Amino acid sequence: MAQAPANPAAAAAVEPTYADLATLSEAADLVIRVQIRRQTALKPERAPGLSAGFARLYIEAGTLALIAGRSGVGESIAYLVDVPLDARGKVPKLKNREMVLFADAVPGRPGEVQLVAPGAQLDFTPALESRLRPILTELYAAEVAPRITGISDALAVPGTLAGESETQIFLASADGSPVSLTILRRPGQTVQWGVSWGEIIDSSARPPAPETLRWYRLACALPAQLPSSANLARDPVARRLAAGDYAFVREALGPCERRITRGE
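Mapping of the sequence shown onto my numbering: position 161 corresponds to residue 161, and the numbering continues sequentially without gaps.
Heads up, a few of these hints could be off.
Simulated restraints on C-beta separations [as the list claims (entries may be wrong)]: (1) S51 with R97: 14 to 24 angstroms; (2) E257 with S76: 28 to 38 angstroms; (3) Q192 with R37: 51 to 61 angstroms; (4) P207 with E164: 49 to 59 angstroms; (5) R46 with A142: 43 to 53 angstroms; (6) P178 with R37: 20 to 30 angstroms.
Listed next, the in silico DSSO-like pairs over lysine-lysine satisfying Cα-Cα at most 30 angstroms (straight line) [what the hints assert, rightly or not]: (7) K90 with K43; (8) K43 with K93; (9) K43 with K95.
Note that these hints are calculated values from the structure, not bench results. Remember, predicted model here, so these are calculated numbers, not experimental data. Even for Gly, the Cβ is constructed at its ideal location relative to N, Cα and C.
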């Protein structure tokens with residue numbers, strides 16, 4: 001069975017962030033709750049790319065629940081996983097432990113799955129499942145917020161009053177769906193900004209709620225700075241305004257923290 005290259009930092013037993021869970025959930029065709037029945041450590045010559053301090057295990061597990069999936073899964077499954085050795089340098093005993101797997105079916109090999117990333121096996125807890133459910137509900141909804149791939153254009157227009165302006169930033173998406181940011185400044189008022197997920201640019205749009213799929217799409221995909229090539233303004237003042245408003249949005253969104261996954 002194939003396996004993604006091991007990544008010690010990703011495979012370490014740490015609490016996953018929202019971005020980690022969203023990344024794994026989106027990458028996987030199957031999210032499965034299993035109980036491990038048997039483990040077999042592979043010899044080093046059968047574990048190419050294995051990182052130092054890790055063991056590659058062949059796992060046989062019983063399916064407890066298909067939490068989410070685009071295909072079915074049998075009562076038992078097998079897969080490979082790289083796990084860190086314990087403090088004594090021994091392979092940890094996983095038998096009877098319950099896990100959540102983010103995996104794909106292996107074509108032509110019924111009963112086998114492939115983890116989508118080195119950190120795609122997590123200890124099951126009710127708390128983890130409760131965090132996963134909202135993410136999966138959004139990902140499997142009829143209309144899913146598109147993946148953001150970059151910034152197409154940005155333009156700031158100063159108003160007639162001092163301190164008044166409006167900035168529009170148009171985002172590129174994987175499926176071509178229109179997405180735009182609007183930042184409004186009014187004298188004596190708090191800066192307002194929001195996101196329009198469609199053709200109509202809504203000046204009353206609001207920011208996405210933290211730890212939602214729409215927040216994840218922006219916080220984890222937007223570049224750190226507004227690309228100079230995307231800034232359509234020619235006036236230096238307007239260009240600085242657009243860049244500053246973009247920086248304001250990035251700060252308002254907050255960081256895309258990851259502990260067990262990597263960004264695209």
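Outcome of the hint check:
1. Separation of S51 from R97 is about 22 angstroms and conforms to the stated range, judged on CB atoms against 14 to 24 angstroms.
2. Under the hint 28 to 38 angstroms, the C-beta atoms of E257 and S76, about 35 angstroms apart, fit the expected range.
3. The hinted window of 51 to 61 angstroms between Q192 and R37 holds, with their beta carbons roughly 56 angstroms apart.
4. Checked against the hint of 49 to 59 angstroms, the pair P207 and E164 fails, with Cβ atoms roughly 21 angstroms apart.
5. R46 and A142 have their C-beta atoms about 44 angstroms apart, which keeps the hinted 43 to 53 angstroms range intact.
6. Separated by about 49 angstroms at the C-beta atoms, P178 and R37 break the suggested range of 20 to 30 angstroms.
7. Among the hinted pairs, K90 with K43 is consistent with the structure: their alpha-carbon atoms are about 14 angstroms apart, no more than 30 angstroms.
8. The hinted pair formed by K43 and K93 meets the criterion: a straight-line CA distance of about 17 angstroms does not exceed 30 angstroms.
9. Between K43 and K95, the direct Cα distance comes to roughly 19 angstroms. Compliance with the 30 angstroms bound is thereby established for this hinted pair.
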